[in-house]
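In the order they appear, the protein sequences are chains A and B.
The working numbering applies: residue 1 is where the first sequence begins, and numbers increase by one.
The working numbering applies: residue 331 is where the second sequence begins, and numbers increase by one.
One or more hints might be untrue.
Unchecked claim - Interface residues of chain A toward chain B, partial, derived using beta-carbon atoms under 7 Å:
(1) L13
(2) I14
(3) G16
(4) I17
(5) A19
(6) F22
(7) I182
(8) D311
(9) T315
(10) L326
(11) R328
To be verified - Over the 12 Å line for every Cβ pair with chain A, so calculated as not near, a few chain B residues:
(12) E773
(13) D806
(14) A858
(15) N1082
To be clear, the hints were calculated from the coordinates, so they are not data collected in a lab.
Glycine included, each C-beta is placed from N, C-alpha and C at the ideal position.
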Amino acid sequence: LSHGSGGKATHNLIEGIFAPAFANTILDRMEDSATITLGDQRLAFTTDSYVVNPLFFAGGDIGRLAVHGTINDLAMAGADPLYLSAGIILEEGFAIEHLQRIVDSMARAAHEAGVLIVTGDTKVVQRAKADGIFINTAGVGSVRASANLGQALVAPGDRVLLSGSVGDHGIAIMLAREELDIETEVSSDSAALHTLVAALLDRIGTRLHCLKDPTRGGVATALNEVALSAEVSIALDERAIPVHEGVRGACEILGLDALTIANEGKLLAFIAPEAEQEALRALRAHPLGREAAVIGTVQAEFPGMVFLRTDIGGTRVLDMLVGDPLPRIC
Amino acid sequence: MERERRRLLVQGFVQGVGFRPFVYGLAQRWRLGGFVLNNSLGVQIEVEGPSTALRAFEQALRTELPPLARIDEVQITRMEAQGDASFAIIESRSQDTKHALISPDSATCDDCLRELFDEQDRRYHYPFINCTNCGPRFTIIQDVPYDRANTTMRAFQMCPRCQQEYDDPLNRRFHAQPDACALCGPQVRFTMHAGDERELLEGGTTAIERAADSLATGMILAIKGLGGYHLACDAFNEQAVQRLRQRKQREARPFALMVASTDHARQLCHISAEEETLLESHRRPIVLLGQREQQQVASSVAPGQHTLGLMLPYTPLHHLLLAACQKYFRSDRPVVLVMTSGNVSDEPIAYRDEDARTRLTAISDGILAHNRGIFIRCDDSVVRVTRVGQQFVRRSRGYAPEPLALPQPVPAPILACGAHLKNTFCLAKEKQAFISHHIGDLENLETLLSFKEGINHFEQLFDIQPAVVAHDLHPDYLATRYALELDLPTIGVQHHHAHIASVMIEHGLTEPVIGIALDGSGYGPDNAIWGGEVLRADLNNFERCFHLAYLPLPGGEQAIRQPWRMAAVYLYAAYGTDFQRLDIPFTRQLPARNWKTLEQMIERGLNCPATSSMGRLFDAVAALLGIQSQVQYEGQAAIELEQLAMASPANQPCYPYHISCSTGELDVLPMIRTMARDIEQGVAAATIARRFHNTIARLLVAACDEVRYQHGLRNVVLGGGVFQNQVLLEELLPRLLQCSYKVYLNQKVPTNDGGLSLGQIAVAAARLKK
Ligand SMILES: [Fe+3]
Ligand SMILES: [Mg+2]
Ligand SMILES: [Zn+2]
Ligand SMILES: [Zn+2]
Chain A
1 LSHGSGGKAT
11 HNLIEGIFAP
21 AFANTILDRM
31 EDSATITLGD
41 QRLAFTTDSY
51 VVNPLFFAGG
61 DIGRLAVHGT
71 INDLAMAGAD
81 PLYLSAGIIL
91 EEGFAIEHLQ
101 RIVDSMARAA
111 HEAGVLIVTG
121 DTKVVQRAKA
131 DGIFINTAGV
141 GSVRASANLG
151 QALVAPGDRV
161 LLSGSVGDHG
171 IAIMLAREEL
181 DIETEVSSDS
191 AALHTLVAAL
201 LDRIGTRLHC
211 LKDPTRGGVA
221 TALNEVALSA
231 EVSIALDERA
241 IPVHEGVRGA
251 CEILGLDALT
261 IANEGKLLAF
271 IAPEAEQEAL
281 RALRAHPLGR
291 EAAVIGTVQA
301 EFPGMVFLRT
311 DIGGTRVLDM
321 LVGDPLPRIC
Chain B
331 MERERRRLLV
341 QGFVQGVGFR
351 PFVYGLAQRW
361 RLGGFVLNNS
371 LGVQIEVEGP
381 STALRAFEQA
391 LRTELPPLAR
401 IDEVQITRME
411 AQGDASFAII
421 ESRSQDTKHA
431 LISPDSATCD
441 DCLRELFDEQ
451 DRRYHYPFIN
461 CTNCGPRFTI
471 IQDVPYDRAN
481 TTMRAFQMCP
491 RCQQEYDDPL
501 NRRFHAQPDA
511 CALCGPQVRF
521 TMHAGDEREL
531 LEGGTTAIER
541 AADSLATGMI
551 LAIKGLGGYH
561 LACDAFNEQA
571 VQRLRQRKQR
581 EARPFALMVA
591 STDHARQLCH
601 ISAEEETLLE
611 SHRRPIVLLG
621 QREQQQVASS
631 VAPGQHTLGL
641 MLPYTPLHHL
651 LLAACQKYFR
661 SDRPVVLVMT
671 SGNVSDEPIA
681 YRDEDARTRL
691 TAISDGILAH
701 NRGIFIRCDD
711 SVVRVTRVGQ
721 QFVRRSRGYA
731 PEPLALPQPV
741 PAPILACGAH
751 LKNTFCLAKE
761 KQAFISHHIG
771 DLENLETLLS
781 FKEGINHFEQ
791 LFDIQPAVVA
801 HDLHPDYLAT
811 RYALELDLPT
821 IGVQHHHAHI
831 ASVMIEHGLT
841 EPVIGIALDG
851 SGYGPDNAIW
861 GGEVLRADLN
871 NFERCFHLAY
881 LPLPGGEQAI
891 RQPWRMAAVY
901 LYAAYGTDFQ
911 RLDIPFTRQL
921 PARNWKTLEQ
931 MIERGLNCPA
941 TSSMGRLFDA
951 VAALLGIQSQ
961 VQYEGQAAIE
971 LEQLAMASPA
981 NQPCYPYHIS
991 CSTGELDVLP
1001 MIRTMARDIE
1011 QGVAAATIAR
1021 RFHNTIARLL
1031 VAACDEVRYQ
1041 HGLRNVVLGG
1051 GVFQNQVLLE
1061 ELLPRLLQCS
1071 YKVYLNQKVP
1081 TNDGGLSLGQ
1091 IAVAAARLKK
């Protein structure tokens, strides 16, 4: 089993092992959060584990990430996040001051986002049975009345909006982990997106069809998932996709595609065409969406594919990332 | 005299090429009775007459073939005479001819050419004149059987005179599906555009005149040909050529040229008898020819090249255009037109009118188009003549979809999906391999779609339902993805094994060979990028005997686009970090900060796949010699290194290297060190480039000797894009022949990845047999 950096490798694992074993009508929708109905109350419920290395990086740390990540999964279901759990696995000998820093950071992130961490668990395992610290968070949120979201609702003609620049988180982590001397100002975009989602829903309601946070595998993988599950294609305009100079430079030297790099504070919104401008205004009015842009269109032709209209006028097929990219050109 | 009767079943290219009228003519000549008809296998003939006449008939049948016909097999059966006195052509039922071979598009024949310029002829100056011996075929066929109704000529209703010719078995246009004349057939039109304004100008001959006139004033025109649009301009006009380069964007590739005759071609290039034959053949490829020193075409036509790609006109429209240009162009030199593919940069060539208008309007000043549809895009073929015969750079128009005859029938119908770039696919059935036209770079959406559509089209045209699909091992090739998504058993074929097998099947080799596969990149089963491989291979399997020692490829594809990276990697491997103290231009100009990051990437294994690529070694040496630090097209650095080596006398000593028989590693770091010293001491770059080529040749011979010593093999097969390098071939071949090796290369398909699909067929067929 190769531990992938997200994308197709993980996708195959999910499709091959977990989905068939756990199959049920809620899971089968394959959304970032499960939406469940209790009485007349629609709840969103999700879980995620965090194994990032390094634990501290420009723009955040593993604790902050663990809070934001789960909040964002709830937010992508159109939910206001309410309660989180925190499950922590520590490697024997993990520095207590690091733990303190991480836990403080979690508390601060939760407080800023207005959610409560209401339950938790801690295990300590022997040395080398874990890598410092692993964190799992689960979360519950209440789905907004105006939200009716799902990949199945994505339809040809929809516009694809991106709330800001791509690749910041993944590049910041990589620079820190590999201790690369690249002189760039890149920091993680880790942020809780539920207020941005709320602003969007307040403005366009059900004309918002689907939300997706392009985390592991980046925008390329997130869009390919939607294209496959909604049986549509997505045409992107390369020039419209915001990429910060520092990320662009790092990708250039590292030979990576910013569209396959992870983000932790960005969302992709699929929007009815007539709501495009309103949605864009709503996003841009929010501090987390100032650089929002319309980056593409959903099409009926060639279902399952994502492609990129490049700045020289070609149309390149944009695939999911399978681990590290191996050269295909000669 | 006693009469005899024979039945002849003729297979090959015998339908839609004037074969039945030809047979009819022969029967008349010897007053034979009987009939001829098309059936699903080819042509069936029954002839009756005196035995001497029958013998003469059979002889002439093989020796006097119409130009586009090709006989693969004739089965003869003796029969009882039936007393037939007359000979008839029997109409075929369409299901009988459904899967006859479809011939490639063919250049205008001499008869049509004569009529084209004969003022008395009713097709005088008609740009779409053709007959059964020439004209469009593959590019206009939408479905089988090959009838007019199944071609893009369906839109045109024949006039009575054309119909008469079409129906007359003794006419050259008998059943010529694209037959037409000015009254009933397709028409040209010429439009100029400035900004959004479009000005429709004349059709007919005036359109061509106006087009020639604008070319003479330095304009760039999009011109619709057989398989797609060209972009054309006056090749002597430096400004026009440069403007074309700018508009095509990021384009440094040499442009192809069209000239009216071989005599004109001779004013630009040296042309051997073999090259002349190729240039003038009805297939009309672009032929790569050595430039004359004094030739004067604009320097931006083929920057940094010693060759020019020339072709002769292959449609009546081209003939008329070049003739018109004679009137408007300067009269003191031949008319030479740039005729490059109608596209921007890496896109596929435009061939649909609507698409051409959107894509080419911004690049061109006018469009010379016509209303005969192109159904299948088909790029010009590119061929060169080497000391070992013909070598394809691209096998497409004029050749596709003509099948290659296989030495053995395949056990089941096979689809091979080919490579990622320069893609061709191949469908094989029985003893035939249908290699597709050039498809191109599959990462381009439109190309990927034409790959998928092309496969369906071929399956239908040639009645092949593949039972197995063969593919490259690279998990991310879109051709591989396609193969895996089909609901068919799959056979994965290693890239370099396929290169070798491609040559083997061409030459009917089945016993194990020494395979030298050199290219830019191919996926190795150890997750590394291979490309400098010496294999012991048969069709079924291979063993990797030697390979260039692994080095990191920092940044993956980025290291391929930026040859300076591999130059630094080689120096780093040879000297460690100290290499930066070498006093050579390369290290002085090395962007130190970028290198620092690369060094860290290498140490941490961050996006640094291991590679044994020979293409990267060529890149590295090119960059060390200051040729290219960033390339604009595939193989550019290596091509320019080859050109540089040509400037040096051949006779240069080799650099040192080391071969490890235990690990199979070919270590060229000793060469890199000596080379760096040469550079330090100011040895001429051309000399170093030459020494490098010579060293690689000797290194390969040494590796071959090892394999021969261990396994007793004598047949050496060379495959992969690096063997387009003529300097390397010139060095390597004599050395191998001297050591009494027998050497084989691709001659019917490209040695680059365009020939990969055929090799996949070969391996898949061998594995199915086992
Ligand atoms: Fe290759
Ligand atoms: Mg999640
Ligand atoms: Zn003709
Ligand atoms: Zn007519």
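Original post:
In ascending order, which of the hints set out earlier in this document are inconsistent with the structure?
Top reply: 1, 2, 3, 4, 5, 6, 8, 12, 13, 14, 15
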